[in-house]
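Residue numbers (the UniProt record's numbering), protein chains in the order written: chain A, 1 to 237; chain B, 1 to 237; chain C, 1 to 237; chain D, 1 to 237.
Wrong hints could be hidden among the right ones.
The list cannot tell twin chains apart, which means a pair is met if one copy fits it or any two copies do.
No farther apart than 20 Å at their CA atoms in a straight line, the calculated lysine to any residue pairs in the SDA-like style are these [stated by the list, open to error]: (1) Lys33 with Gly167; (2) Lys33 with Thr169; (3) Lys10 with Pro79; (4) Lys33 with Pro57; (5) Lys31 with Arg83; (6) Lys33 with Glu23; (7) Lys33 with Asp127; (8) Lys31 with Pro105.
Hint data in this document are derived by calculation from the structure and do not stem from the laboratory. Keep in mind it's a predicted model, so treat the numbers as computed, not measured.
4 protein chains.
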Amino acid sequence: MAAPHRPSWKTAWRSFYYAGAPEAPDPVLVKGKVALLVIDVQNTYLARPEDRSALPPLERAREAAWDGFHERMHGIVIPTIARLIERFRAGAGPVMFARIACLTPDGADRSLSQKKPGWNNLFLPHDSEASQVVPALAPRPGEVVVTKTTDSALTGTNLRLIFTNMGITHVVCTGIFTDQCVSSTVRSLADESFDVIVIEDACAAGTMELHTRELEIINRIYCEVMRAEDLLGYLPA
Amino acid sequence: MAAPHRPSWKTAWRSFYYAGAPEAPDPVLVKGKVALLVIDVQNTYLARPEDRSALPPLERAREAAWDGFHERMHGIVIPTIARLIERFRAGAGPVMFARIACLTPDGADRSLSQKKPGWNNLFLPHDSEASQVVPALAPRPGEVVVTKTTDSALTGTNLRLIFTNMGITHVVCTGIFTDQCVSSTVRSLADESFDVIVIEDACAAGTMELHTRELEIINRIYCEVMRAEDLLGYLPA
Amino acid sequence: MAAPHRPSWKTAWRSFYYAGAPEAPDPVLVKGKVALLVIDVQNTYLARPEDRSALPPLERAREAAWDGFHERMHGIVIPTIARLIERFRAGAGPVMFARIACLTPDGADRSLSQKKPGWNNLFLPHDSEASQVVPALAPRPGEVVVTKTTDSALTGTNLRLIFTNMGITHVVCTGIFTDQCVSSTVRSLADESFDVIVIEDACAAGTMELHTRELEIINRIYCEVMRAEDLLGYLPA
Amino acid sequence: MAAPHRPSWKTAWRSFYYAGAPEAPDPVLVKGKVALLVIDVQNTYLARPEDRSALPPLERAREAAWDGFHERMHGIVIPTIARLIERFRAGAGPVMFARIACLTPDGADRSLSQKKPGWNNLFLPHDSEASQVVPALAPRPGEVVVTKTTDSALTGTNLRLIFTNMGITHVVCTGIFTDQCVSSTVRSLADESFDVIVIEDACAAGTMELHTRELEIINRIYCEVMRAEDLLGYLPA
């Protein structure tokens with residue numbers, strides 16, 4: 001039986017602005033000039049309560065609403081990023097990591113948006129277990145890891161200069177959350193004249209709807225969205 | 001007859017992440033420390049073909065798809081921004097403008113994303129009529145106008161430093177397009193620790209769906225989304 | 001009679017750190033990838049009192065102390081920059097200008113150091129005659145001119161991104177003052193991984209001693225210092 | 001017997017531009033809003049050959065020329081910084097460190113100027129002993145340490161944003177080398193609208209002449225130069 005047809009990345013994830021536009025061209029990726037960037041795949045975001053039944057009803061419902069995210073992370077996103085890391089380490093280009101972490105014990109160095117109450121309030125000391133990249137994707141010695149207290153991995157770090165110094169022209173973005181730090185990083189990279197690729201099955205948001213919505217918004221304008229298998233066909237050996 | 005009930009901005013435009021979260025607090029705006037930023041409301045985006053019937057069918061359909069945007073701009077967005085400008089000029093704080101424009105005659109200074117083919121390909125020489133702010137919102141002498149070849153009004157300008165030098169802590173964002181330059185600017189401002197407010201009826205995207213989607217994504221995390229009438233209640237006299 | 005011997009730029013302007021170091025290599029300049037940057041050669045810095053004898057004695061002495069600077073500017077620096085501009089306009093690469101200027105009528109957008117009392121207190125509205133580039137070096141339409149309220153022409157502008165977008169790898173710096181805005185710009189450019197050349201006879205400081213001291217400090221570490229005639233031998237046709 | 005008269009910092013280290021200018025005003029330092037920044041006091045710069053007599057004559061002479069620097073560092077600069085650190089840790093404000101270090105094993109992330117041959121060629125992997133801050137000034141857990149591959153501690157790091165987020169308005173600069181990384185950092189800080197103080201006896205250059213020359217160049221324009229005992233009189237308790 002034939003595999004179900006899936007539209008080419010070249011015409012997928014289109015918003016109103018690009019309806020009817022021509023197909024995206026094949027990217028030309030040069031060995032050593034393309035970097036893999038893994039954004040915010042940190043222990044804290046994969047943590048779950050040990051005993052959900054002990055939670056008050058509202059929190060239990062809230063926790064349940066995150067089930068889809070965790071399934072996607074473990075079933076698709078983390079394995080996909082691991083596969084890409086392996087391929088980049090084999091020689092395509094450097095693997096780099098950004099993670100949210102503050103340098104001071106009281107979080108005073110965090111940007112305003114990460115100090116405000118609510119979902120985005122983040123207090124992740126840089127040496128805490130919670131702020132580390134998940135073990136399945138652990139950086140190797142010698143790989144660049146930047147810490148940030150911002151959403152864009154460029155605004156609050158020296159990553160732009162590192163990319164420039166290393167001769168990187170194309171950045172492949174993966175990680176979480178598609179609509180937040182991934183989108184902010186992609187937008188900054190495009191503004192700074194990098195060629196950006198986002199791997200759909202290497203990213204996730206709180207819901208698939210938010211994930212897909214933001215991909216449609218950033219695709220073609222700030223980046224090319226494709227799947228890991230699409231990218232692997234373009235990566236230099 | 002009573003006016004139709006509209007939910008308070010404090011619980012509106014919420015995404016998955018903020019479902020069930022407490023109401024947003026009232027912003028505290030201090031005279032001279034809050035700026036109004038008008039983003040990319042330029043002639044080029046309001047231009048329409050003189051005779052639509054002369055267009056080939058596909059372009060005609062494409063043009064028709066933009067009718068809603070133009071109606072919203074002329075009926076709601078531009079009048080709302082004009083009202084806000086008047087109030088800020090009366091003393092609340094400075095009015096500033098960002099516009100997309102290149103400094104070189106061949107556009108060589110544009111960022112990569114604005115050189116690529118498609119919707120986002122922009123070639124707007126800074127002294128062309130097309131790149132000027134629309135007459136209804138024309139900047140006055142002495143008001144700051146920055147030009148950019150990026151989407152974020154911070155990444156490719158010195159606006160962050162200008163805000164800092166002028167003692168601005170809160171930035172009220174208006175303009176187009178909600179999901180593109182407005183969102184990119186809001187994200188940069190939040191990362192740079194400014195308090196950001198986005199005025200829903202002073203922004204527009206290609207479609208209302210894109211507009212609302214991105215507002216839900218950025219609200220509470222990077223900014224507070226409210227309507228002009230909400231803001232006017234908070235602005236210092 | 002033979003011309004007086006002048007040491008090659010390759011071993012000149014050396015400080016303690018580079019005593020005994022090998023000669024600097026020949027720069028390799030590629031057409032279109034090298035830019036000429038003219039820094040702060042503005043009317044205000046060339047202005048002199050109409051009638052010096054009318055000044056109080058202390059101010060008259062102070063004015064007289066500046067005679068050497070003005071002689072050097074008119075006799076050497078401005079003619080040298082004019083010659084370089086001509087050569088760059090003939091095709092070597094773009095000519096760009098930075099000038100100190102504020103965008104607001106009260107100078108509120110200036111950086112702190114330009115608001116403090118003393119020599120560096122600067123109030124140069126961008127549309128004033130005083131803030132314009134001197135007529136002998138006037139920018140042509142289509143040439144990039146950035147305004148700044150900082151000393152480094154990179155910190156307070158989008159010049160770094162413009163250089164990157166235009167594919168510029170080498171920047172030739174000229175202008176005033178050697179120890180202030182020129183040095184600050186050179187240091188920023190080097191930190192941002194540009195190859196920098198400073199033209200000794202196209203720069204000036206308040207005194208020749210300050211000029212030479214700072215050239216010795218920045219030479220080899222942040223830039224190569226040479227004379228215009230040296231550069232002309234390396235410029236692409 | 002009376003102590004030898006030493007001129008007040010308020011009129012010392014003046015260059016041509018500030019000859020005859022009024023005295024500098026007393027700085028107003030607020031608890032928690034002033035930070036101490038220790039720049040590049042790293043093991044590599046204090047290292048000396050074990051047996052100088054084993055060196056070839058030229059290198060031996062070169063090494064001897066550095067004797068003054070090392071005497072100043074051990075006799076004056078390091079003890080002075082240690083004294084300042086103690087006072088800041090007692091509550092005046094945060095102590096922060098910048099050090100030159102690359103993140104990649106081959107130094108590919110270094111800026112161009114640190115890859116060029118000569119004195120400034122630096123290859124200091126971030127986890128090497130050579131790149132650590134000297135033990136006498138070792139950072140405590142929870143103190144911010146930024147790594148950079150640039151000379152300015154702002155250009156190539158997120159220190160500016162950290163200062164802003166922590167509410168720092170005044171930065172006290174110490175470290176090495178006065179004419180290089182210290183000066184570049186001071187210039188960047190001033191451009192970014194921080195109030196900057198440089199402690200004369202907490203800085204050093206390769207020679208005292210270079211040290212004093214650059215202090216005269218940056219004093220009053222970008223910073224106030226004073227001695228540690230002067231600062232201690234202004235620091236909040």
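Earlier hints that do not hold, by number | 3, 4, 6, 7
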